[in-house]
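A.B. asks: Now for the letters of each chain:
Number of protein chains: 2
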Amino acid sequence: MLTLFHYPLSQPSRLVRLAFGEYGEDIALVEEKPWARRPEFVAVNPANLLPLLLAEGEQAVAGAEVIIEYVDETRAPLARGEPLFPGGPLERAETRRLIQWFTAKMNAEVVHPLVRERIFKPQMTADEGGGSPDTRVMRTARANLLLHLRYTNWLAGSRNWLAGDNRSYADLAGAAAWSVLDYMGEVPWGEHAAAKEWYARMKSRPSFRPLLADRVRTLVPASHYTDLDF
Amino acid sequence: MLTLFHYPLSQPSRLVRLAFGEYGEDIALVEEKPWARRPEFVAVNPANLLPLLLAEGEQAVAGAEVIIEYVDETRAPLARGEPLFPGGPLERAETRRLIQWFTAKMNAEVVHPLVRERIFKPQMTADEGGGSPDTRVMRTARANLLLHLRYTNWLAGSRNWLAGDNRSYADLAGAAAWSVLDYMGEVPWGEHAAAKEWYARMKSRPSFRPLLADRVRTLVPASHYTDLDF
Numbered sequence: 001m002l003t004l005f006h007y008p009l010s011q012p013s014r015l016v017r018l019a020f021g022e023y024g025e026d027i028a029l030v031e032e033k034p035w036a037r038r039p040e041f042v043a044v045n046p047a048n049l050l051p052l053l054l055a056e057g058e059q060a061v062a063g064a065e066v067i068i069e070y071v072d073e074t075r076a077p078l079a080r081g082e083p084l085f086p087g088g089p090l091e092r093a094e095t096r097r098l099i100q101w102f103t104a105k106m107n108a109e110v111v112h113p114l115v116r117e118r119i120f121k122p123q124m125t126a127d128e129g130g131g132s133p134d135t136r137v138m139r140t141a142r143a144n145l146l147l148h149l150r151y152t153n154w155l156a157g158s159r160n161w162l163a164g165d166n167r168s169y170a171d172l173a174g175a176a177a178w179s180v181l182d183y184m185g186e187v188p189w190g191e192h193a194a195a196k197e198w199y200a201r202m203k204s205r206p207s208f209r210p211l212l213a214d215r216v217r218t219l220v221p222a223s224h225y226t227d228l229d230f
Numbered sequence: 001m002l003t004l005f006h007y008p009l010s011q012p013s014r015l016v017r018l019a020f021g022e023y024g025e026d027i028a029l030v031e032e033k034p035w036a037r038r039p040e041f042v043a044v045n046p047a048n049l050l051p052l053l054l055a056e057g058e059q060a061v062a063g064a065e066v067i068i069e070y071v072d073e074t075r076a077p078l079a080r081g082e083p084l085f086p087g088g089p090l091e092r093a094e095t096r097r098l099i100q101w102f103t104a105k106m107n108a109e110v111v112h113p114l115v116r117e118r119i120f121k122p123q124m125t126a127d128e129g130g131g132s133p134d135t136r137v138m139r140t141a142r143a144n145l146l147l148h149l150r151y152t153n154w155l156a157g158s159r160n161w162l163a164g165d166n167r168s169y170a171d172l173a174g175a176a177a178w179s180v181l182d183y184m185g186e187v188p189w190g191e192h193a194a195a196k197e198w199y200a201r202m203k204s205r206p207s208f209r210p211l212l213a214d215r216v217r218t219l220v221p222a223s224h225y226t227d228l229d230f
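Chains as they are written, first to last, in my numbering: chain A, 1 to 230; chain B, 1 to 230.
To be clear, the hints were calculated from the coordinates, so they are not data collected in a lab. Hints may contain errors.
It does not matter which identical chain is meant; a pair holds if it fits inside one copy or across any two.
Unchecked claim - Taking lysine-lysine pairs in the BS3-like style, the calculated list, with each CA pair at most 27 Å apart, reads:
| # | residue 1 | residue 2 |
| --- | --- | --- |
| 1 | 196 | 121 |
| 2 | 121 | 105 |
| 3 | 105 | 196 |
| 4 | 196 | 33 |
Looking at chain A on its own, in the form it has when it is part of the complex (with noise of 0.2 Å):
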């Protein structure tokens, strides 16, 4: 059995632990929290990437982006079911421009920020930045969620799936960043049907399961997170 060092309301961690469930394959998880530099850590990962992977014969492999791609390369060929990186070449950039889109710039505009403020910032020490949260940082980030929302919104009511007809790493990517906000209870379904709609499918797979599961010591989720009919 794989190793993934991880955090459970990291995104890119949540990307690629969907990944393994979509091929039905249980991984080992070990939590490792994101604002410790362990050096024992970041000896095997200069840059201090969550989640890393102790892929096979132990070697380490860091980053959802480059894990997704090891992991489809190593799964893929031999899996039931429909490929993750559907279609041609075409497609393919389609779904990884989106896998981009949600793991670097939404996670970097909305989520870290979020639960940097609300849930790390409350277990880090003063040595570490710890402290209350910065208003002025979540307000940002909360303003940038709407102009995210609006753009899921859009790609699930004017797809299939959020990269086009066929189900894909894009939409574990999109929704491993909505399931980290929606627990925080931070986003406003209601007046975006689509993207609800969508996130409704997600979360109804059996990959998901686990993650409806996680807890943090410091934030209950909100009451509807577990909720398939929410």
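With chain A held as given, fit chain B onto it using these hints.
C.D. replies: Just chain B, lined up with the frame of chain A:
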């Protein structure tokens, strides 16, 4: 012929130009100012990423990492010469890790801040955020530069090529980064012999020639920029 929207001293644009160059394929270049958010450009490219490739069928593929995968999927199967994603899945993961290291991390920490302060700002209007360079930003970027130069030097000194035994897209990504800094005369090559020797090897490749001919209006290149024995 495909069209690439690029900027001469944009590091990710250079990575894509090097990749097409390695396949001996000419592409049409259209210069796009990275700080301008041209509505027509943002419409096809919501993240406003450079470079943007108009691929087969005029379909837009945006962002260097996504374009590299597209180029590899469509060009490598028919190419003569060694593959630029060499080896098996773990070797390809190491190549992808370094592409991301240079293109996301080093660009954000070093190259983009220095290019922005020294090259973009003198061309930007006050409304666009132009003005004199921020010396604090430049000082931080230069301190980060030394860390990245030490890391590149370590990689070049302990492996044949940056990602391992064979030349790969990681070398193109690294060379794209260092070439922009070298244009600006920012690299203390003298104390980093392994990095220098590796960069000299990359610089003498035919794919590099168009980059050495690049000039931007507001800054002439360092005197050794085009010198293959610098």
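A.B. asks: Hint by hint, note whether the structure agrees.
C.D. replies: Evaluated hints:
| no. | hint | in the structure |
| --- | --- | --- |
| 1 | 196 with 121 | neither (29 Å within a copy, 42 Å between copies) |
| 2 | 121 with 105 | both (22 Å within a copy, 24 Å between copies) |
| 3 | 105 with 196 | within (21 Å within a copy, 33 Å between copies) |
| 4 | 196 with 33 | neither (30 Å within a copy, 37 Å between copies) |
Checked against the numbered hints listed earlier, the structure breaks hints 1 and 4; every other hint is satisfied.
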